[in-house]
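Each protein sequence line maps, in turn, to chains P and B.
FYI, in full-length UniProt numbering the residues of the first sequence are 1 to 173.
FYI, in full-length UniProt numbering the residues of the second sequence are 1 to 173.
Hint data in this document are derived by calculation from the structure and do not stem from the laboratory.
Mixed in with the good hints, there may be bad ones.
[Said to hold, decoys possible] Below, simulated DSS-like cross-link-like pairs (lysine-lysine); rule was C-alpha separation at most 27 Å, straight line:
| id | chain 1 | residue 1 | chain 2 | residue 2 |
| --- | --- | --- | --- | --- |
| 1 | P | Lys118 | P | Lys142 |
| 2 | B | Lys34 | P | Lys117 |
| 3 | P | Lys34 | B | Lys4 |
| 4 | B | Lys34 | P | Lys142 |
| 5 | B | Lys34 | B | Lys119 |
| 6 | B | Lys34 | P | Lys34 |
| 7 | P | Lys119 | B | Lys34 |
| 8 | P | Lys10 | B | Lys119 |
| 9 | P | Lys63 | P | Lys14 |
| 10 | P | Lys119 | B | Lys119 |
| 11 | B | Lys106 | B | Lys119 |
| 12 | B | Lys119 | B | Lys4 |
2 protein chains.
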Amino acid sequence: MNFKLRAATKDDCKDISRMITELAVYENMPDQVKISHEELERDGFCQNPFFECLIAEVPEEQKSKEGFTVVGYALYFYTYSTWMGPTVYLEDLYVMPEFRGNGIGKGLLCKVAEVAKKKQCVRLQLSVLNWNTPSRDFYAAKGAKDLTATEGWHFIRFDGQNLDNLVNEAPTN
Amino acid sequence: MNFKLRAATKDDCKDISRMITELAVYENMPDQVKISHEELERDGFCQNPFFECLIAEVPEEQKSKEGFTVVGYALYFYTYSTWMGPTVYLEDLYVMPEFRGNGIGKGLLCKVAEVAKKKQCVRLQLSVLNWNTPSRDFYAAKGAKDLTATEGWHFIRFDGQNLDNLVNEAPTN
């Protein structure tokens, strides 16, 4: 299968938005998606964008059943380790089901790794759900370490009322 | 105990660097710290900084045994959720042992929550080691959710040779 990997443009945000929802459906959390393609346009294509994104595109003659030629994406940004410095964090890596098994996911991952190296980041990090065996196997086969399993790192989140509570208790000095 | 919370300046990087190492010692991973205070100065105080940092400072008359007045820090940056938009990620929250129990850690956390709200971030996230019961209890008492325990999220990392391997396999198209 022919495919091309390229940097996303503002015009891709409708496709990215569609695939974000497809990925959330796969992760059994479609209700959590509150982002519109307008917000993606604003947040990713401004002076200091919150994220960067790569797109996988197939030729018109190989388009999906529904007529899409943008069939995968990798959305990432830069974080910071106080031990190791700048790091790339891969928020989403997705390929539409009918296009899997053609090296598109691997191609996207390798391209993001290339960006990391270019930006002098010594780490590429991401997170995955423990029941998502295909993804865990995919990363493990490429040598990734599961830091939750080996070192015991847990994700913690404040949001909604518990975040508001913190704000209300912030010292004024 | 009197303390003041304020934004870090470039001049604080030596103190931040010292406390990064103290925190890594507490986390039993001191060998992982490869960052110098010069790198913190460069990465945090440039045109598009990789992180922001708050400092906790006590008056001269309450300085630490070793003579330090900068006794805690909260280092954070902005990440992006493709479900919810901009998010604050708290990389490090630390208070020197002899200054704990005075509300400094809580003050720093609440101040970071305030930053999150001001920047229209609906989430404040962080990670913690599973054996670090004092920290886990601290966050849980304030209403934080442990997403690894409840949803099964695992941290995955590529670095060193496995990251290089990805780069070497990146498609050229």
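Hint check results:
1. Between lysine 118 (chain P) and lysine 142 (chain P), the direct Cα distance comes to roughly 20 Å. Compliance with the 27 Å bound is thereby established for this hinted pair.
2. Using a Cα cut-off of 27 Å, the hinted pair lysine 34 (chain B) and lysine 117 (chain P) holds, with the two alpha carbons roughly 17 Å apart.
3. For the suggested pair lysine 34 (chain P) and lysine 4 (chain B), the alpha carbons sit about 37 Å apart, so the restraint of at most 27 Å is broken.
4. Restraint check for lysine 34 (chain B) and lysine 142 (chain P): the C-alpha separation of about 25 Å stays at or below 27 Å, so the hint holds.
5. For the hint pairing lysine 34 (chain B) with lysine 119 (chain B), the CA-to-CA distance comes to about 30 Å; that exceeds 27 Å, so the pair is violated.
6. With a CA separation close to 38 Å, the supplied pair lysine 34 (chain B) and lysine 34 (chain P) exceeds the 27 Å bound.
7. Simply put, lysine 119 (chain P) and lysine 34 (chain B) have alpha-carbon atoms about 17 Å apart, close enough for the 27 Å limit, and the pair holds.
8. Distance hint between lysine 10 (chain P) and lysine 119 (chain B) is fulfilled; the C-alpha atoms sit about 23 Å from each other, no more than 27 Å.
9. With a C-alpha separation of about 16 Å, the suggested pair lysine 63 (chain P) and lysine 14 (chain P) falls inside the 27 Å cut-off, and the hint holds.
10. Annotation: proposed proximity of lysine 119 (chain P) to lysine 119 (chain B) holds, straight-line Cα distance about 26 Å (limit 27 Å).
11. The straight-line distance between the Cα atoms of lysine 106 (chain B) and lysine 119 (chain B) is roughly 20 Å, inside the 27 Å bound, and the hint therefore holds.
12. For the hint pairing lysine 119 (chain B) with lysine 4 (chain B), the CA-to-CA distance comes to about 22 Å; that is within 27 Å, so the pair holds.
Of the numbered hints stated above, those contradicted by the structure are hints 3, 5 and 6, listed in ascending order.
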